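Guided by the hints, dock chain B onto chain A, whose structure is given.
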Amino acid sequence: MISIGIDSGAATTKAVVLCENKITGYAIIPTGFDFRKAGEAAYQEVLSKSGMDETGIGKILATGYGRSSIGFADKTISEITAHARGVCYLIPAAHTIIDIGGQDSKVISMENGKVVDFLMNDRCAAGTGKFLEYTAKALEISLDELGTLAQLSKNPAKISSMCTVFAESEVVSLRAQQVKKEDIAAGLIESIIQRTIVMVKKLGIKPDVAFVGGVAKNPGIVKTLEKVLDIKIKLPEEPQITGALGAALLA
Amino acid sequence: MDKIVENIVFIKSLDLFKDAFPERIDQILKNKEEGKKIVGTLCLYVPDELIYACGVDRVILCGGRSAPIEAAEQYLPRNLCPLIKSSFGSVIDQKCSKTKSCPHFGLVDLIIAEATCDGKKKMYELLNQYIPIHVMDLPQKPENQNALEYYIKELESLKCVLENLTGNKITDAKLRNEIKSANETRKLLHELYELRKRDSPPIRGTEMLKVLQQMHFLSPDGFRKNLVLLLDELKVKKRENSGPRIMISGCPMASGNMKVPEIIENRGGLIVVEESCTGTRAFWDLVDENKELMRALAERYLKIPCACMYPNDRRIDQILRLAGDFNVDGVVYYTLQFCHGYNVEKYRVAEALKKSGIPLLSIESDYSGADTEQIKTRVDAFLEMLE
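Chains as they are written, first to last, in this note's numbering: chain A, 1 to 251; chain B, 1 to 387.
Bound-form chain A, shown alone (with noise of 0.2 Å):
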């Protein structure tokens, strides 16, 4: 049986199919303004990554922000539900998932799957990718490049605003004072990280412990999230795609 999860993403569409349980494709595209024609998209370039047209496709499964507005999928699911299942299917041994995506940061707590308690962080940015996506514009340096500098700092600076906008003007602030750039990179890092370990703290931490979401293609993020937890991380080895992945199980 083919069966088909989209995960309709704030800033990107994620889509996978899966055919007699095994993962035969997945698609990663830019979510831009308009979810259904997202979804559309990456529905359609998944099934050509997998060699496949729609004959033969049994139940598709919608889950993430824009879910609703996946207007052919046959049912929605939140994305907790779905990264429970995803990641429990990649990492049968998984009991806690720290997810930071585009537009939020979630930990859940799980057992075989099953969701059994979970934090979400509130409604602005803090402590998500567009703080990251935010700040690294400050420093003039691409996302990816934020987490490579950081790594060669010895003295991360403290960045104590929680507000995506502040810390943008702290960024600002500490230049001024001529902090090095690695440093002031590190320093924010650090500061989505301590966000994070509050929501797990609050909820407990149980090994193991996986990490998903686009951010966590960050490799300065999961050293410094690994220091601060003393716990080794297990990171799917697409970790953008296990929402997708846990809502095409469930379909």
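If you are wondering where the hints come from, they were derived from the structure by calculation, not from laboratory data.
All values reported here derive from a predicted model rather than from experimental measurement.
Virtual Cβ for every residue (Gly too), placed ideally from N, Cα, C.
Treat the hints with care, since some could be wrong.
[To be verified] Beta-carbon label-pair distances, calculated as ranges: (1) 372(B) to 20(A): 50 to 56 Å; (2) 230(A) to 191(B): 55 to 61 Å; (3) 158(A) to 344(B): 24 to 30 Å.
Frame of chain A; chain B shown alone:
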């Protein structure tokens, strides 16, 4: 894509509450013309029985709509609870005054306020420039030895204030009568909540909330009359409601504020009980009719477990008891933004629920629609977790 559609079995008497607004405003206007005094209240700690025993009419001034907030922010800080801002805004917004659409400004002769949270107390100082206010003090350690005596004294002062306002005397006979009738209403609500304990309750949480939001806006007699009709209808009509059983616990949801309960029920949950001022706190305890009147009143009202009280173990006990009695699958802890009392108390409630194995979802929100999708995601995930 909401998951639940309107229940096909229609409850006619629910409309009595929904449509009551214009008639009630007419009634207040008529009372006013006939020389009756009108007071406004913003809290359950102010006993209705005293107000009505003095021949005064009363309207609730708690704001649940976002529209008046803009006007209020010219006076009040942005980082303040939306209920306080909305209440203040609907009084000071001149467009809102002396019209049939707004019962607040112009109709109210006196506001009977109360010393609960800091935000409200300070707001009352500003409001006092527009409308006369009597602020009732509250002993904030209700278990203290002197608390009850102190509260009785505050009720005695309130009695004097009301008598001075009207020139009427609050006689024991009148007060006893009002206590009896308020208890009748409370008993009817208990009877209604009994129906909600069923596996398939005949009334949904969003429907019940709209009824309770009218409780302190309608006259006590008008409210009770509608309640009797509602109960009669609910008892006979076959109506199926299902979904994970949810208790809402936390801040009041004043009239106009339906965002979170509507999301919960539209996404497939079923609210079976509300531990809030627009829920059980409004009617749970009865006034002991066999005791000295003022003491009996004070005892009943001081039991209200508001988060401004210290210590507030009573609330935690009540939440656990309700969770068991109403067989809830999960609790949605609802707080208004910047409501420090309920926000801080969340930690203790969460601990207690965790110990009892009852899942909790915490939602902090204001009156804007800005976080609707975020709340839907949390609610969906919570309901999926409970299923």
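### Message
Are any of the numbered hints broken by this structure? If so, which, sorted upward?
### Response
Those not satisfied come down to hint 1.
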